[in-house]
Amino acid sequence: MDTLLRVVKYASVRILTLAISVVVGLYLTILIANMGGYIDVIRTAQIREDVNARISGNPSNRGLTIEARTKLVNDQINSQIHRLGMDQPFLLRSFNALGDAITLNLGRAFNMASNSGANQVRLIILERLPPTLILFGAADIILFFLALFFALILSRHYGSFLDKMSVMLTPLSSAPGWFYGIFLILLFAAVLKILPFGGMVDSPPPPATLVYLSSLLKHMVLPVIAYTLSLLFFEVFSWRTFFLIYSSEDYVDMAKAKGLPDNEIRSKYILRPTLPTIITSFALVVINSWLGAPIFETVFNWPGLGRALYQAVGFFDTPVIIGETVIFSYMLAITVFILDFIYALVDPRVKLGGDGNR
Amino acid sequence: MNIKVLKEIFRYPSVIVGVMIILCLFGISIYAVVTIPYNKAISLWRGSEEDWYRNPKNAAPIWYNWFRSDKLPETIVINSENNPEVTRTVTNTEEGRIITITMPINFNYDSFPNDISLYFISKYDQNPPFVGMTWIAPDGTETHFGGFSISQKFTYRLSQDQKLTRTLSNMVASKGLFVDLKNKNVSTAVKGIYQLKIEVVTFDKMADSSIELVVYGQLAGWAGTDHLRRDLGIALLWGTPIALLFGLLAAVGTSISQLIIAGISTWFGGWVDIILQRITEVNLVLPFLPILIMIGTFYSRSIFVILTAVILLSIFGQGIKTFRAVFMQIKESPYIEAARAYGASNFRIIFQYMVPRLIPMLIPQLIVLIPSYVFLEASLAILGLGDPTLPTWGKMIQDAQSQGALYQGWYYWVLEPSALLMVTGLAFSVVGYTLDRVFNPRLRSQ
Chain A
1 MDTLLRVVKY ASVRILTLAI SVVVGLYLTI LIANMGGYID VIRTAQIRED VNARISGNPS
61 NRGLTIEART KLVNDQINSQ IHRLGMDQPF LLRSFNALGD AITLNLGRAF NMASNSGANQ
121 VRLIILERLP PTLILFGAAD IILFFLALFF ALILSRHYGS FLDKMSVMLT PLSSAPGWFY
181 GIFLILLFAA VLKILPFGGM VDSPPPPATL VYLSSLLKHM VLPVIAYTLS LLFFEVFSWR
241 TFFLIYSSED YVDMAKAKGL PDNEIRSKYI LRPTLPTIIT SFALVVINSW LGAPIFETVF
301 NWPGLGRALY QAVGFFDTPV IIGETVIFSY MLAITVFILD FIYALVDPRV KLGGDGNR
Chain B
359 MNIKVLKEIF RYPSVIVGVM IILCLFGISI YAVVTIPYNK AISLWRGSEE DWYRNPKNAA
419 PIWYNWFRSD KLPETIVINS ENNPEVTRTV TNTEEGRIIT ITMPINFNYD SFPNDISLYF
479 ISKYDQNPPF VGMTWIAPDG TETHFGGFSI SQKFTYRLSQ DQKLTRTLSN MVASKGLFVD
539 LKNKNVSTAV KGIYQLKIEV VTFDKMADSS IELVVYGQLA GWAGTDHLRR DLGIALLWGT
599 PIALLFGLLA AVGTSISQLI IAGISTWFGG WVDIILQRIT EVNLVLPFLP ILIMIGTFYS
659 RSIFVILTAV ILLSIFGQGI KTFRAVFMQI KESPYIEAAR AYGASNFRII FQYMVPRLIP
719 MLIPQLIVLI PSYVFLEASL AILGLGDPTL PTWGKMIQDA QSQGALYQGW YYWVLEPSAL
779 LMVTGLAFSV VGYTLDRVFN PRLRSQ
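Protein sequence lines correspond, in order, to chains A and B.
Just so we're aligned, residue 1 is where the first sequence starts under our numbering, counting upward by one.
Just so we're aligned, residue 359 is where the second sequence starts under our numbering, counting upward by one.
One or more of the hints may lead you astray.
[Unchecked claim] A few chain B residues facing chain A, derived, Cβ under 7 Å:
no., residue
1, Val640
2, Val643
3, Phe646
4, Pro648
5, Met652
6, Thr655
7, Pro729
8, Ser737
9, Leu741
10, Leu764
11, Trp768
12, Ala777
13, Leu778
14, Val781
15, Leu784
16, Ser787
[To be verified] Non-contacting residues of chain B with respect to chain A, defined by C-beta distances greater than 10 Å in every case (computed):
no., residue
17, Leu381
18, Trp403
19, Arg404
20, Pro419
21, Asn464
22, Gln510
23, Glu639
24, Asn704
25, Pro718
26, Ile755
27, Leu773
28, Phe786
Derived by calculation from the structure, the hints in this document are not laboratory data.
It should be emphasised that the depicted structure is a prediction, and the values quoted were computed from it without experimental measurement.
All residues carry an ideal CB built from backbone N, CA and C; glycine is no exception.
Make the full structure from the sequences, and use the hints.
As structure tokens, this is what we get:
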């Protein structure tokens with residue numbers, strides 16, 4: 001019970017600090033987004049356009065003189081500006097905007113729409129979220145276990161040919177996933193024609209669940225390989241180093257001297273204490289992968305959040321761009337939190353009542 | 359750096375290769391900047407018709423032929439003026455004169471050209487000249503076409519002439535004029551000397567016409583061309599200094615500011631440390647790329663604005679944690695205590711005693727960081743947020759992607775900039791990792 005309490009306490013402290021970080025981060029995002037009142041210019045233009053369209057579309061306004069009509073337009077624009085709170089000083093408005101962002105009340109898109117035709121930014125983003133989660137979730141899990149597996153093997157065969165190879169291959173990780181993606185697409189889609197160029201499922205999407213799943217898997221092969229390829233070598237190298245550091249600890253020698261079986265030494269005396277360090281390093285990888293999503297998904301034509309951001313840039317769709325930035329902030333914070341939580345579960349210091357600080 | 363360290367570094371063959379590649383890249387940068395001045399590079403990359411009309415669209419690089427048994431044609435340009443191979447006869451008539459120009463075309467390739475165009479520049483008083491043409495194949499077969507009047511500046515694209523296509527049994531001119539119709543062989547071009555006879559009939563004595571024939575090849579330049587007929591070599595050359603400059607400045611800017619912040623944070627401790635640590639945590643949840651995209655879309659795509667934003671967003675990056683851990687140890691070492699004892703100021707201690715101690719750690723990190731910023735610049739370009747004026751590697755890849763280069767089989771368009779990116783990335787990170795092993799032997803002993 002005591003352990004559970006400590007983990008809960010640790011987790012709640014982390015949630016609180018992360019929540020504060022997210023709020024500060026979102027506020028900064030809003031400040032950047034509205035630097036020079038740019039957003040206001042766009043919004044006012046939008047209002048003007050809407051009002052003009054509404055007034056000229058209304059037959060009862062036909063008989064008005066030009067002056068009366070201009071007055072009507074200006075009045076309506078002003079009342080709209082007032083209604084939306086745009087005549088308040090920016091400081092006040094920025095807090096309104098912050099509240100909207102925190103509650104994901106993200107407004108309406110200018111040009112983009114969700115598949116069902118809705119133009120609410122929230123709906124567009126929610127629709128794009130699952131593909132991103134599926135792709136990066138799968139890729140991250142595969143990467144984690146592959147890297148762990150290879151790092152363990154290499155640390156046991158330190159100095160072997162394989163080990164030296166992996167050290168030499170580490171620089172390959174300097175190229176990001178999308179870069180390998182281009183090569184893989186060239187090789188497997190353009191030249192060999194065995195895998196699709198991009199997208200998430202065949203078009204039109206197959207109705208049967210099994211066929212749909214197999215089509216999804218086929219489309220996921222290249223992105224997952226590209227992602228793993230770009231990160232695996234570096235992760236294996238650094239995790240191998242962690243394992244080496246922890247396996248040269250005195251207590252490992254002690255365990256060996258006691259004659260404990262190799263398996264037990266590996267799992268309890270080496271893997272266990274190294275895991276927190278590995279998770280911290282993996283957290284950074286996952287965070288970077290979210291941030292790389294726009295370009296990665298664009299290269300693979302994957303209909304996720306990242307590609308939506310790319311499309312929003314193309315359409316100059318301000319609300320979507322800001323909404324995407326907000327949702328990415330949230331995803332980063334949630335990632336940090338989940339990995340922190342796992343960290344708390346595996347780190348003996350948190351369990352045994354250390355101060356829980358890294 | 360003393361000789362011993364240098365010797366130690368160059369014990370690794372990979373470093374020698376890496377350093378040579380980096381030197382090559384710097385050499386290319388200097389060559390690019392010297393041979394193609396900035397303004398010229400930019401105006402060339404804007405791709406005006408004047409600069410590039412002699413280039414074929416989407417042509418592969420000329421070295422493709424080195425690896426092929428059936429040779430692809432290169433571009434042939436023949437100008438009627440000041441050219442000893444071109445014969446030009448003028449006969450006077452009652453109303454004006456007839457200028458007959460015969461151009462020999464030495465065609466020694468197995469495949470067909472991309473297109474054939476004639477560019478006429480004429481001067482005349484009132485009535486525009488009238489043009490008729492005859493194409494004479496090596497076996498003497500003649501094809502007649504033309505029969506139109508030309509304005510002062512006139513372009514005639516043979517492949518777009520429907521009448522000519524019908525004459526050539528429904529093959530476009532660039533193919534139909536080169537096949538052996540008698541033997542029904544339409545898959546390869548006939549080699550030999552072709553002749554194009556152009557008759558310009560003018561209606562005043564002073565009228566004249568100069569003609570340029572361009573037989574567009576399937577290959578052009580050492581790097582190929584893109585959909586706007588631009589020579590890709592320009593982007594490859596000029597992309598080098600831009601990529602290096604961006605990578606270097608961003609890496610230097612971020613690592614040095616992170617080092618200094620970590621130093622200040624550790625030295626002062628207390629609330630300064632707490633605040634700086636909290637800022638680092640906020641920075642962790644700031645979405646870096648989306649914010650850059652926002653800045654690129656809303657404000658400016660200038661490479662310097664983006665560079666500044668990159669540095670500002672990375673100042674409080676994760677590097678601070680690493681530096682801070684080492685500073686923590688240094689802070690407790692005796693020489694710092696000695697400095698404090700003789701009354702050295704805070705800033706003297708930070709900048710003179712603490713920061714220099716971390717330089718061996720900083721340099722490899724900095725070098726390893728360079729590729730990630732080079733790739734970042736390319737990523738932004740692929741998202742359409744590259745500097746609109748500059749020719750860069752990322753821009754090339756973006757153009758290629760948007761034109762579907764991989765579907766169309768124009769692999770060179772993607773592979774050339776990718777290869778350069780890869781080489782740059784590998785060279786810097788190999789050197790960086792090795793320097794790290796030499797400077798920080800603690801890791802090497804593991």
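Interface restraint verdict for B:Leu784 against chain A (beta-carbon cut-off 7 Å): 5 Å, holds
Using the nearest Cβ pair, does B:Ala777 come within less than 7 Å of chain A? Status violated, d = 10 Å.
Closest CB-CB distance from B:Arg404 to chain A, is it above 10 Å? 21 Å, holds
Would you check whether B:Leu741 satisfies its interface hint, that is, whether its CB is within less than 7 Å of any CB in chain A? 6 Å, holds
Interface-negative label, B:Phe786 against chain A, beta-carbon threshold 10 Å: 7 Å, violated
10 Å Cβ clearance of B:Asn464 from chain A: 35 Å, holds
Verify that the Cβ of B:Leu381 lies farther than 10 Å from every Cβ atom of chain A, and report whether the claim holds or is violated. 18 Å, holds
Verify the interface restraint on B:Thr655: the C-beta must sit less than 7 Å from at least one C-beta of chain A. 5 Å, holds
Exclusion check [B:Leu773 not at the chain A interface, CB over 10 Å]: 8 Å, violated
Was the hint right that B:Leu764 lines chain A, CB cutoff 7 Å? 5 Å, holds
If you take the shortest Cβ to Cβ gap from B:Ser787 to chain A, is it below 7 Å? 4 Å, holds
Just want to verify: B:Gln510 was marked as not at the interface with chain A; is every Cβ pair farther apart than 10 Å? Consistent with the label, B:Gln510 stays out of reach of chain A, its closest Cβ about 41 Å off (over 10 Å).
Checked against the numbered hints listed earlier, the structure breaks hints 11, 12, 13, 14, 23, 26, 27, 28; every other hint is satisfied.
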